[in-house]
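Enquirer: Dock chain E against chain W, hints included.
Listed here are the chains, written in short residue letters.
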Amino acid sequence: MLNLLVLLPLLGVLLSRMISTFSEPLARWWSVLVLGVNTVIIASLYGNWGSAVLLGQVIPSTANRPAIHLALEINPLNWIFALVATVILLAVALFSIRGMSDLENGGKNLKTYHVLSLLLSTSVYGFFLSENLLTLFVFWEFMTWVSFFMVSMGKPRSRSAAMVFVTMSALGAATFLGAVAIIYRLAGTLSISGLSTALYRQPAGVGYGIMGLLLFSALVKSGTFPLHTWLRKTHGHAPNVFSPVLSGLLTKFGVFLGAIVFLLFPVMKWSPQLFSLMGISSFNYLFAALGAVSILVGTFLAIRQEDAKMLVAYSSVSHAGYILLGLAISSSLGVAGSLLHVMNHALSSAAMFLSMAAVYHVAGTTKMSQLGGLVDKMPVTFATYLIAIISTAGIPPMGGFVSKWLLYQALIEKGMIFLATAAFIGSIGSFLYVFTPLAAVFLGQRPKALEHAKEVPVVMQIPMVVLSLFTILLGVLPSIALRWINGAIRWIDPQASWLTPIPITLSKIQGAFGAWDSVLVFFVFGLGVVFAGILFYLFRKNRRVGYLENYTAGEVPVEVIQSPELYHYSYQFYKPLTDMYAKFPSMEEAYEKGIAGNIARLAAATAHIFYNGSVRWSVFLALAGTMIVLGVR
Amino acid sequence: MLIVESILITLLAIAYGLFLMGFDRKITARVQKRYGPPIWQQYIDTIKLFAKSTISHGFIFDMGVIMALGGTIATLLFMPVGDWKVLSMSGDLFVVIYLLAVALLGMAMSAVNSANPNASIGIMRALTQMLGYEIPWLVVLVGMMYTFKTSSIWNLVGGQAGGFSNWNMVRMPLGAIVAFTTLMGQLGKKPFDTFIAPAEIASGPMVEYGGKYMGMLIVQHAVGMFVEIGLFVNLFLGGGANIGIFLLKVLAVYFVQVLVGNVLSRFRVEQVVRFHWKWPMVLAFVQSIWIMVVGVR
Chain W
1 MLNLLVLLPL LGVLLSRMIS TFSEPLARWW SVLVLGVNTV IIASLYGNWG SAVLLGQVIP
61 STANRPAIHL ALEINPLNWI FALVATVILL AVALFSIRGM SDLENGGKNL KTYHVLSLLL
121 STSVYGFFLS ENLLTLFVFW EFMTWVSFFM VSMGKPRSRS AAMVFVTMSA LGAATFLGAV
181 AIIYRLAGTL SISGLSTALY RQPAGVGYGI MGLLLFSALV KSGTFPLHTW LRKTHGHAPN
241 VFSPVLSGLL TKFGVFLGAI VFLLFPVMKW SPQLFSLMGI SSFNYLFAAL GAVSILVGTF
301 LAIRQEDAKM LVAYSSVSHA GYILLGLAIS SSLGVAGSLL HVMNHALSSA AMFLSMAAVY
361 HVAGTTKMSQ LGGLVDKMPV TFATYLIAII STAGIPPMGG FVSKWLLYQA LIEKGMIFLA
421 TAAFIGSIGS FLYVFTPLAA VFLGQRPKAL EHAKEVPVVM QIPMVVLSLF TILLGVLPSI
481 ALRWINGAIR WIDPQASWLT PIPITLSKIQ GAFGAWDSVL VFFVFGLGVV FAGILFYLFR
541 KNRRVGYLEN YTAGEVPVEV IQSPELYHYS YQFYKPLTDM YAKFPSMEEA YEKGIAGNIA
601 RLAAATAHIF YNGSVRWSVF LALAGTMIVL GVR
Chain E
1001 MLIVESILIT LLAIAYGLFL MGFDRKITAR VQKRYGPPIW QQYIDTIKLF AKSTISHGFI
1061 FDMGVIMALG GTIATLLFMP VGDWKVLSMS GDLFVVIYLL AVALLGMAMS AVNSANPNAS
1121 IGIMRALTQM LGYEIPWLVV LVGMMYTFKT SSIWNLVGGQ AGGFSNWNMV RMPLGAIVAF
1181 TTLMGQLGKK PFDTFIAPAE IASGPMVEYG GKYMGMLIVQ HAVGMFVEIG LFVNLFLGGG
1241 ANIGIFLLKV LAVYFVQVLV GNVLSRFRVE QVVRFHWKWP MVLAFVQSIW IMVVGVR
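In order, the protein sequence lines correspond to chains W and E.
In terms of the numbering used here, the first sequence has 447 at position 447, counting the first letter as 1, and numbering is strictly consecutive.
In terms of the numbering used here, the second sequence has 1291 at position 291, counting the first letter as 1, and numbering is strictly consecutive.
Chain W with its partners taken away, still in its complex shape (with noise of 0.2 Å):
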């Protein structure tokens, strides 16, 4: 069973190609069915833990060493991640049957994109599953390069976002590499779930360092801060179906190797010799101090964003930073409240990515200020984006705020108060940044062009729709998804030495300081509108106008009534607080004047000294050269 779930989707990519040279649509709902039954053999190998499968040996066994596989394990941490990854994978590629408005110039794109992205899948499939380290590596260098073909070709200008992504994944890998290198070395064996026992006996020092070189490869792929800056190119340029599938999915391989290395390392053995800092180790302080300055980057670029596409980008990097914060906590209350975030975040930022993908289907931009008053012609992407902001805001009673909660919750018990600020400005702004699209594109002056504008079909509705019935299903009985996560912490930790379950029943969550009931604050929700509604209903019925029966202070300007656009208040939308920090450095510019411009320049200082413009100093070089080599022989 196991092995189908690599296999299935590898001989679905040379069956796609045949089916696309008959009809490429059929290409389409291929796809749909290769990742369905995935989806359905995913679902159903849940308890099935360390069943485990073999693909191949990669270094033969000797004397002293055992052998390498690339093999496939399932176990109740992974299982999650996978859950999640099949479910986005099979919503986008439904979406993806009629949502690729964006890829459709003569159709030859659009067959190479179902061989990509099958092949996509397969990476995310092997990757989550991976037995060992290497196995991990191996489908993670993988998904970079599919990744890599598929930012390239989105819009024209899309090769130098992928370049961008590429190197700083090529970075990343390098570090990865060395440090599986090193486990190899040091304990003979990169079996993932043994880690904890093979790595015990090594010293701290040596333990910290491997730690940290896989955390940098985490940082690079979750977007985290300072690492992040791939994702703003990469978002933007690449094509409107992969991006959800790039920020739900893909920025979670990062969370995956983050959790392994703060979860399945010896890090309770090694911590006692480093100094601790409020009741974690310092090394962890410095992880969970850059997850939370990555919330504060994410937020404040987040919000001044004029593309809808970047703002959801810049959510992720927000994201991922309270993701790195919860694990490098390491409590019971943080890694659960990351697990569940990462279910969370990848549900609400695929539902914004899609709808967004659909009002591009519609209107063929996603720039904020060349839209408005779509709610009329799109209710479903309203309500979907709606659900989903209020899941990325935190707002009870969406699944957002129950991961948040664990997290303010791991953060408080620990008396942890600056990393909390940042983790309450981030979602205070996040309640700022989500909001600009809804107020831009979704209401306010329609422009005339858009009047026409109809709802997606059908086909793309749907992945749209479950995937926000999920984030209320988490968001009002959060016990569903918080019993696997206590499995998975019971798997983690078995001794329950310094990870326990968190404390639920079905409806209500037992935090450090307080509990609170997720299916009744739902109900409570549902009666205050309740009221709200009889109070409202009772009275005289209204009559309906039209966006243009405005106030507008007794003038009637006649430009409004041409171009009703006009009278839209969405370009900057925050212009009063973006321009006070419009003069902050960024790290993106840090990265390619300072770190780029560097490389050029003495790449350029370094030719000069070759050709400076006349060939005679370079005939005579390159003479003297040959004679110093003949010399020297």
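Keep in mind that the hints were calculated from the coordinates and are not lab data.
Glycine is no exception: its CB is placed at the ideal position from the N, C-alpha and C atoms.
It is possible that part of the hints are untrue.
Unchecked claim - With beta-carbon atoms standing in for the labels, derived distance ranges:
| no. | chain 1 | residue 1 | chain 2 | residue 2 | range |
| --- | --- | --- | --- | --- | --- |
| 1 | E | Arg-1274 | W | Met-587 | 21 to 29 Å |
| 2 | W | Tyr-551 | E | Trp-1040 | 40 to 48 Å |
| 3 | W | Ala-553 | E | Gln-1271 | 24 to 32 Å |
| 4 | W | Trp-29 | E | Lys-1085 | 51 to 59 Å |
| 5 | W | Gln-273 | E | Lys-1085 | 47 to 55 Å |
| 6 | E | Gln-1271 | W | Leu-548 | 30 to 38 Å |
| 7 | W | Phe-584 | E | Arg-1268 | 18 to 26 Å |
| 8 | W | Tyr-551 | E | Phe-1255 | 31 to 39 Å |
| 9 | W | Gln-562 | E | Phe-1255 | 25 to 33 Å |
Unchecked claim - Covered by chain W, per the in silico footprint, the following chain E stretches (three or more residues, Cβ under 8 Å):
| no. | region |
| --- | --- |
| 10 | 1004-1010 |
| 11 | 1058-1070 |
| 12 | 1106-1114 |
| 13 | 1123-1135 |
| 14 | 1147-1155 |
| 15 | 1268-1281 |
Expert: Coordinates of chain E only, in the frame set by chain W:
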């Protein structure tokens, strides 16, 4: 039973909130040496608004108003009112704070759907200044929750039992100042009323509302005021032994708010953020770190 209790407490909050508004008008008038309207004027105005016919700008315009009032009422049920618990045993401080955000989201959505740029600018200002005042307020709450080892409002009230000297206002004086300042922001009282600003943006979010929509929003504001001041009373003034004392404390806090608000003039929105992130933030950190290190007597 729950339904009956929630209806009763909602009616109480609406009635008392409207009374506070009338009281505000009276005090403001006296400060400005006017006679002012009778104290029950707000009731008459609200009933009149509900009776009028009006216009709607679409489904979200209606829906948002309902969501705003609904979210605020839900929050109210999780807050202890004197010795009246309703549901406050099963909610916690974060649930209350973030449920209020649902109400704000509803109102923001509804206002922006009126498609009037004045409303959008008003909402932008409201959200921006929320980023200002919420942070120092939450920082104070972190210190409080850490020190008392609970995030349940009911237990935080219980922790102040035993007379005036045990009130958090006395134990955390700087925190109380910060909370009082941020409460003015939450209520949109004078130096922080950038999002209403009648002379600049035609009452901002309210610009397109009339009739029962305006009535709904006034009722929402009444309940919201009751919740926000009530939260301050619960967290810093020891709650109330019974409903009467609780209501009196709410009135006292609001009285001071009105007086302070009346002698100050409006900030610009970025000044609101800058202000809150400067002094209240510093005070909040000093207070929280102080009480987390030293603890309560």
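Enquirer: It remains to establish, for every hint, whether it holds in the given structure.
Expert: Quick rundown of the hints versus the structure:
no.	hint	result
1	E/Arg-1274 to W/Met-587: 21 to 29 Å	holds, 24 Å
2	W/Tyr-551 to E/Trp-1040: 40 to 48 Å	violated, 30 Å
3	W/Ala-553 to E/Gln-1271: 24 to 32 Å	holds, 26 Å
4	W/Trp-29 to E/Lys-1085: 51 to 59 Å	holds, 56 Å
5	W/Gln-273 to E/Lys-1085: 47 to 55 Å	holds, 49 Å
6	E/Gln-1271 to W/Leu-548: 30 to 38 Å	holds, 34 Å
7	W/Phe-584 to E/Arg-1268: 18 to 26 Å	holds, 20 Å
8	W/Tyr-551 to E/Phe-1255: 31 to 39 Å	holds, 34 Å
9	W/Gln-562 to E/Phe-1255: 25 to 33 Å	violated, 52 Å
10	1004-1010	holds (count 3)
11	1058-1070	holds (count 10)
12	1106-1114	holds (count 5)
13	1123-1135	holds (count 9)
14	1147-1155	holds (count 5)
15	1268-1281	holds (count 5)
The structure shown violates the earlier hints numbered 2, 9.
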